[in-house]
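Novice: Single-letter residue listing:
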Amino acid sequence: MPRRVLLVAALAVLAIPFAVPTIWMVAASIKPLPEIFKAPPSLWTEHPTLAAYGEAFTFQPFARQYLNSVYIAVLVTLITLLVSSMAGYAFARIRFPGANALFLVVLTGLLVPSEVTIVPLFQVFKRAGLINTHWPLILVTAFGAPCVLASFIMRQFFIALPAELEEAGRLDGLGRPGIWWRICLPLARPALSAVAILTFLASWNLYLEPTVYLTSPELFTLPQALTRFTDAYGADMWNTQLAAATMTVLPVLIVFVIAQRQFVEGLAHSGLK
Amino acid sequence: MRYWTTRRRDVLTGYLFIAPQFLGVVLFVLIPVGLAIWYSLNKWNVFTGKQVFVGADHYAALASDPQLPSVLLATVVFSGGVVILNITLGLLIAVLLNRQFRGATFFRTLFFSPVVVSVVAWTLVWGFLLQDNGGINGLLHAIGVDGPNWLQHGDTAMLSVIVSQVVRSVGVNMVLFLAALQGVPSELYEAARIDGARSRSIFARITLPLISPTVLLTAIITVVGALQSFAQIAVLTGGGPELSTTVLVYYVFQQAFEFNDIGYGSTLALMLLSFVMVLTLLQWQLRRKWVFHEQ
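From first to last, the protein sequence lines are chains A and B. Heads up: the first sequence at position 130 corresponds to 130 in the numbering used here, and the numbers run straight through without jumps. Heads up: the second sequence at position 67 corresponds to 67 in the numbering used here, and the numbers run straight through without jumps.
If we strip away everything but chain A, and leave its shape as in the complex, we get (with noise of 0.2 Å):
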C-alpha cells in the first residue's frame, strides 16, 4: 500500500528531532572525548568509554545530588498525594459552608506562576534561615502551585464517582475519613498515579528553584548539577555533562516506555490546566 509507506515515511521523517538528541546523548557519553565533534558525525565509535560517568562522580558529589533529586521528588510527590486527594474529596463530595469561595481561592494557585512568587519567597526564606536547605523546593512545590493542579485533577475524579458506593460506606458505620481511605481512594488510582507522574517529574524537573535557592554543590539537584560540568576556563566538559544527562534521563524513559499509557493521560492534564 503505498499510502500507506507515505504515511510512515512522513512521521520518520517527522521523528529525527524527536528521537536523535536522546539517542545522540547516549553515544556521545560512550565516546573518547577527541571524537566528539569529529567531521562527518558519527553515533558510532570504535573506542567505546565508560570514563566520562566515572568522571561525573568525581568531578562533582554527583552520586549525593543524585540522590538529593530522588529523595526531594518522592517526598514531594507522597505530601502532593495526601494533600491534593484529601482537599480533591472534600471539595467533590462534602457539603461545608464557604466551600466554593474557598475553592476558588485555592483556584488562584493555577493562575500564578512560580516564576512570580520565587522574587517575595526568596526574602521570605532567607528570614527564615532556609536559604540553601532543600525546605523550599519541598514546601512550595508540595503544598503551592503544582499541589493545586493535583488538588483539581482529584476533585474531578471524586466528583464522578457514585454516590451509593459512600452510601454503602456509611450503612457499614464508616466515618468520613474512613470512606475516603477505604472506599474512594482505592478506586482513584487512575487519578492518584496521574498525579504521581505529574507531580515526580515537576519536581524532577525543577531548575530555576534550585538555582536560587541552592549555593552548596553538595545540596544540588540534578538538573542544577548538569550545568556546573565545565573547567577551569569555563569550557563546557561535554562528555562528561552528556554522561550525566544520560544518567538523569534514562531511568525516567526506561519508566515511561514501561508505563507510556499512564504517563501520557497524566501529563495531558498539565496541558488542560
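You may find that some hints are simply not true.
To be verified - Derived Cβ-Cβ restraints for the label pairs, each shown as a range:
id: 1; chain 1: B; residue 1: V46; chain 2: A; residue 2: I16; range: 47 to 55 Å
id: 2; chain 1: A; residue 1: H47; chain 2: B; residue 2: I31; range: 51 to 59 Å
id: 3; chain 1: A; residue 1: R261; chain 2: B; residue 2: R193; range: 37 to 45 Å
id: 4; chain 1: B; residue 1: T6; chain 2: A; residue 2: T133; range: 26 to 34 Å
id: 5; chain 1: A; residue 1: L78; chain 2: B; residue 2: Q285; range: 30 to 38 Å
id: 6; chain 1: A; residue 1: A168; chain 2: B; residue 2: I194; range: 48 to 56 Å
id: 7; chain 1: A; residue 1: L78; chain 2: B; residue 2: P69; range: 41 to 49 Å
id: 8; chain 1: B; residue 1: R193; chain 2: A; residue 2: R182; range: 49 to 57 Å
id: 9; chain 1: B; residue 1: L92; chain 2: A; residue 2: I254; range: 26 to 34 Å
id: 10; chain 1: B; residue 1: L216; chain 2: A; residue 2: L78; range: 30 to 38 Å
id: 11; chain 1: B; residue 1: R193; chain 2: A; residue 2: L107; range: 39 to 47 Å
id: 12; chain 1: B; residue 1: D146; chain 2: A; residue 2: K126; range: 47 to 55 Å
Claimed, not checked - Computed list of chain A residues with no C-beta within reach of chain B, every gap over 10 Å:
id: 13; residue: G54
id: 14; residue: T58
id: 15; residue: L187
id: 16; residue: A196
id: 17; residue: L219
Quick caveat, the hints were computed from the structure, so don't treat them as lab data. Just so we're clear, the structure is a prediction, and the values are computed from it rather than from any experiment. Every residue, glycine too, gets a C-beta built ideally from N, C-alpha and C.
Fit chain B to the given chain A structure using the hints.
Specialist: Coordinates of chain B only, in the frame set by chain A:
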C-alpha cells in the same frame, strides 16, 4: 440531642481536609503576591538592607527602561513562534497518527518521549548539537550546506530556543488533539463521504471547525507555558547573544537575583503575572462557554 451530629462532623472533616491545601495556597501563592506588590513600591539597598517607600517609581521606571522594549519584543517573538510551531506541528502529527496502522503506538510514544526528559538535560543536548562544530552543522555540511553558528547570532539563537522548546513539549498538545479528533462523530465523516466530499474539504469543513475550541484553548495554554520558559533560555543562550533571547521571565530572574534589584524585579514579576493571569482567565472563560468536556 448529641452535639456531634453526622452533619456537623462532616463540616468539620471538610474544613480539616482542605486545610493543608488552603494554607499552602495562602502561604506560597497569595502572601507572596501581596509581598511582591509591596516590594514593587519600595526601593531596597542591598548593602544596608534598608528599604524606602518609593510609591510608583518602579512602575515609572518601566517606561524609561532602555532594555524593556527589546525584552518585550523577544517575549512576543518567542511566545508567538512557540505557539505557531507547536500548534501546527501538534495538529499535523495528530492527524497523521489518527488512523489505524501498525506502528501508530510506537510513533505516539516517540513523539511524546521528550516530554518526560528533564528540560535541562534536553536543552544541554540541543546546545551540544547546535555548537558551531556540532552535530547539526556536521549533518548540514555532509549534504553541502554551510550552517551558521546557531547560538551566536540573534535570529538563529531565537530560532534555536523556539525549536528545542517546541520539540520537547509538543507531545502534550498532540495527545490533546488526538483526543479531540477521536471525539468527532464518525457519522459526520460517513455522511460527508456519501455526499462525495473529498478528504481535504472534509478536514476543512468538518474536522477543523469541530476541534477548533480545543485548538484555541490549547494555544492559550501553550502561550502561558512559553511565558514561563526559564530553563530553556538559561541553559541554551543565557538570554544572549546580547539581549536577543532575553524574554521577560529571564529578565525578571536577572533583575531580582543577579542584580539583586528586588523592587524592580518584583515590578517586572507582576507584569509577567498580569500577562499570565489575563490569558489564563480568558482560557477558563472560553472553556466554560464551550462546555469543554474534560476526560
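Novice: Determine for every hint whether it applies to the structure shown.
Specialist: Do the hints match the structure? See the list:
1. At roughly 48 Å, the beta carbons of B/V46 and A/I16 sit within the given window of 47 to 55 Å.
2. About 57 Å separates the C-beta atoms of A/H47 and B/I31, a value consistent with the hinted range of 51 to 59 Å.
3. About 31 Å separates the C-beta atoms of A/R261 and B/R193, a value inconsistent with the hinted range of 37 to 45 Å.
4. In this structure the supplied range 26 to 34 Å is violated for B/T6 paired with A/T133, their Cβ-Cβ distance being about 44 Å.
5. As the Cβ distance of A/L78 to B/Q285 is approximately 35 Å, the hint placing it in 30 to 38 Å holds.
6. A hinted range of 48 to 56 Å for the beta carbons of A/A168 and B/I194 is consistent with their spacing of about 49 Å.
7. A/L78 and B/P69 have their C-beta atoms about 46 Å apart, which keeps the hinted 41 to 49 Å range intact.
8. A hinted range of 49 to 57 Å holds for the C-beta pair B/R193 and A/R182, which are about 52 Å apart.
9. Evaluation of the 26 to 34 Å hint for B/L92 and A/I254 yields a pass: the beta carbon distance comes to about 28 Å.
10. Checked against the given bound of 30 to 38 Å, the beta carbons of B/L216 and A/L78, roughly 37 Å apart, stay inside it.
11. Range check, B/R193 to A/L107: Cβ separation about 44 Å, and the 39 to 47 Å hint holds.
12. The beta-carbon spacing between B/D146 and A/K126, approximately 50 Å, falls within the hinted interval of 47 to 55 Å.
13. Here A/G54 stays apart from chain B, with its beta-carbon at least about 19 Å from theirs, past the 10 Å limit.
14. Every C-beta of chain B lies more than 10 Å from that of A/T58, the closest at about 20 Å, which supports listing it as non-interface.
15. At the 10 Å boundary, the C-beta of A/L187 stays outside the reach of chain B, the nearest C-beta of that chain being 15 Å off.
16. Distance to chain B confirms A/A196 as a non-interface residue, since its nearest Cβ pair spans about 13 Å, more than 10 Å.
17. A cut-off of 10 Å between C-beta atoms confirms that A/L219 is not in contact with chain B; the least separation is 17 Å.
When the structure is compared with the earlier hints, violations turn up for hints 3, 4 and for no others.
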